[in-house]
Amino acid sequence: MNKMLLFFSIAFLGLLGCQPSSAPFYWGDYSSTLYNYKKNPGDTTLSVHKTALLEIIKEAPEKKKLVPPGVYAEYGYILLKEGRESEGMEYLAKEEKAFPESVVFIKRLKNEYSRGKK
Amino acid sequence: MKKIAFILISLSLVGCGTYVTKEEFAPEMYKDHPQTIIVLPPINKSTSAEAKEYYSTTIAEPLTQSGYYVYPMEVVNDVLQQEGLYDTETMLTVPPQKFREFFGADAVLYLTILQWNTSYMITSGSVTVKVAYELKSTYTGDVIWFYDDAVTINTSGSSGNTGGWAGLLAQVITTAITTAVTDYVPIARQANEKILLAIPFGKYHKLYNADMKSKIEKKKALKPVEEESPKGPS
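Chains as they are written, first to last, in our numbering: chain A, 693 to 810; chain B, 185 to 418.
Hints were generated in silico from the structure; no laboratory data involved.
All values derive from a computational prediction rather than experimental measurement.
Wrong hints could be hidden among the right ones.
Unchecked claim - Below 16 Å or equal to it, Euclidean Cα-Cα: the simulated EDC-like pairs (lysine to aspartate or glutamate) are:
| no. | chain 1 | residue 1 | chain 2 | residue 2 |
| --- | --- | --- | --- | --- |
| 1 | B | K404 | B | D332 |
| 2 | B | K378 | B | E273 |
| 3 | A | K757 | B | E245 |
| 4 | B | K399 | B | E207 |
| 5 | A | K730 | B | E285 |
| 6 | B | K402 | B | E207 |
| 7 | A | K773 | B | E273 |
| 8 | A | K802 | A | E788 |
| 9 | B | K387 | B | D216 |
| 10 | A | K731 | B | E234 |
| 11 | A | K731 | B | D367 |
| 12 | B | K403 | B | E318 |
| 13 | B | K229 | B | E273 |
| 14 | B | K236 | B | D216 |
| 15 | A | K757 | A | E747 |
| 16 | B | K387 | A | E793 |
| 17 | B | K229 | B | E258 |
| 18 | A | K730 | B | E237 |
| 19 | A | K773 | A | E747 |
| 20 | A | K742 | B | E258 |
| 21 | A | K755 | A | D721 |
| 22 | B | K403 | B | E245 |
| 23 | A | K757 | A | D721 |
| 24 | A | K799 | B | E207 |
| 25 | A | K731 | B | D216 |
| 26 | B | K402 | B | E273 |
| 27 | A | K730 | B | E273 |
| 28 | B | K404 | B | E208 |
| 29 | A | K730 | B | D367 |
| 30 | A | K773 | B | E258 |
| 31 | A | K742 | A | E793 |
| 32 | A | K802 | B | E234 |
| 33 | A | K789 | A | E774 |
| 34 | A | K730 | B | E318 |
| 35 | B | K402 | B | D333 |
| 36 | B | K397 | B | E212 |
| 37 | A | K731 | B | E285 |
| 38 | B | K378 | B | D326 |
Work the whole structure out from these sequences, hints included.
Listed below in structure tokens is the structure:
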């Protein structure tokens, strides 16, 4: 009987090996609000998506998770497109601080923005 | 009793095909240690025109959860368009190395949607999403990892068959309706999750560099010509 238990434990462990382990990032409603925006692009769906991005930034620490890659950058980029320069730049800086590997990308976004202003 | 347990174990192994370790399958991943991945808009080989647009919203999340820095796809698309790159076909001609220069990416992920379709067989229906991944190094331009998988959801109307023609008719109608309204996106998410079980974990995952011995199903690299064959009347 004990041997059988062992067999099942091994089989069970084998199954566990197929499961993803706990996720490092908190994504909130990101994919569904982005999906809705792509399905019906417009001011309303974009503003819902923006709210989702802000909520991720706010709620991730409460959930003891990290803000995912790209979320600060995407939010900052939308703000820049709306002409909210200082806030937008602030979020780009947050992306770079949280993910130093994004430095080349963030630099490009900043350059393109100043190039577009001229 | 012991025999039954043994059979169960064997069956579970049979269901998973040939196994190899992640390190055997993708040794370059453990040498290169890519940390940043740029995901290009998918190549659509399915018969659905909308597949491309919708599928792209499902990929960043699971890829980051596997431990990678993934560039925000919406922003990346904008930037690429400003550089004159509008469609996936043109992007495919860009050498992977360019994306390191442009964004600082260590690797480029090329996605191909092979199937995104429904099939009806009078009283039974199903929805299938099949996707293939190919990850190329921006240092060497070589493929360092690839994988593919499909998820099929049965959409047959199981409305507690009342028997006779009326029951059959009801089932035909239910099947047609459920199949038509089935949302592909959750199915695409499942396909991504299945595929990403096979990627070596990136640096934000707690099993980073500790999963070399994990066993995964061995896959063959897809031939570029493989395309969706239409199934049943549509």
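Earlier hints that do not hold, by number: Hint check: 2, 5, 7, 14, 17, 19, 22, 24, 25, 26, 27, 31, 32, 33, 34, 37 and 38 fail, others pass.
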